[in-house]
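Going letter by letter, the sequence shown gives residues 1405 to 1648 in the numbering used here.
Hints in this document: simulated from the structure, not taken from any laboratory. For each residue, glycine too, the CB sits at the ideal point set by N, CA and C. Careful: at least some of the hints might be erroneous.
What follows is a list of derived Cβ distance ranges for each label pair [what the hints assert, rightly or not]:
no., residue 1, residue 2, range
1, PRO1435, ASP1608, 48 to 58 Å
2, VAL1451, ARG1531, 30 to 40 Å
3, MET1577, ALA1439, 44 to 54 Å
4, GLY1448, MET1577, 24 to 34 Å
5, PRO1435, THR1505, 31 to 41 Å
6, GLU1584, ASN1626, 34 to 44 Å
7, TYR1406, GLU1584, 42 to 52 Å
8, PRO1435, MET1583, 23 to 33 Å
9, ASN1557, PHE1438, 21 to 31 Å
Dumping the calculated BS3-like pairs for lysine-lysine here, alpha-carbon to alpha-carbon at most 25 Å [unchecked claim]:
no., residue 1, residue 2
10, LYS1529, LYS1600
11, LYS1433, LYS1443
12, LYS1588, LYS1578
13, LYS1566, LYS1578
14, LYS1615, LYS1588
15, LYS1588, LYS1600
16, LYS1469, LYS1433
17, LYS1433, LYS1455
18, LYS1578, LYS1615
19, LYS1443, LYS1455
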Amino acid sequence: MYRYIVSLHSIEAYLDRPTSGMVLYLNRKTPRLFALEEKARNRGIVVQWIKGNFPFRFPGVEQSKGAVLEIPAEPVSVPSLGDLVNQGEELSCLIALDGITDVQNLGAILRSADLFGVDGVLIPKRRSAHESIGVDRTSAGASAHVPLLEVPNLVRALSYLKGAGYWIYGADMKGTPAMEVDFKRKTVLVMGSEDKGLGRLVRDTCDFLVKIPMGGHVGSFNVSVATGILLYEIRRQQGFPGLV
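Turn these sequences into a full structure, and let the hints steer you where they fit.
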């Protein structure tokens, strides 16, 4: 089994972390693709130039910009929740997603997670978007850098994190404005779906509910936008470089 990466930004990010079995396929002669070829060869990655359209060769690849990176389908996330906790620092920040099924939202959240130095993103194995070509493309390469961990039961995972010293903050329209909440501690930000919000058991597991004050006429932010705004406030309070 293989994964196929088609976003040029994502391909560049994965080439910076080469793994055994990677193959870069190219079918257009452009300066950017020549640069990708050179980068891949310098890292010992096999490069193959092919003729014809990629969709006929690679399952699920409907379009590309002339490059496809083939990666053996091994998980790139941390192997366990315990490992993720052990790697976390004093002001560690994690994200947990409850019912986020849109791949573009997941990709955009991973992009914000990378920019704000999030240590990992938790998703349930069921009723959730998962790693895919669409996620890689939308994340602009961030999916290569942010551990994405599937958990069998999100409530149990959050309870485990509470026992490990994390505080759980759920995004909810009835919560306290984020600017009035103390995030200077190990933090898990839990985001629910745009239509249903947080599930009842997930909400009950949270230590605090937080919201973004809003004006205007529409009902709410897109979930990926809301995640970015809340991450900014969390990391600003935690003294993340460049935000203080």
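Which of the numbered hints are not met once you compare them with the structure shown? Per hint list: 4, 6, 8, 9, 15 violated.
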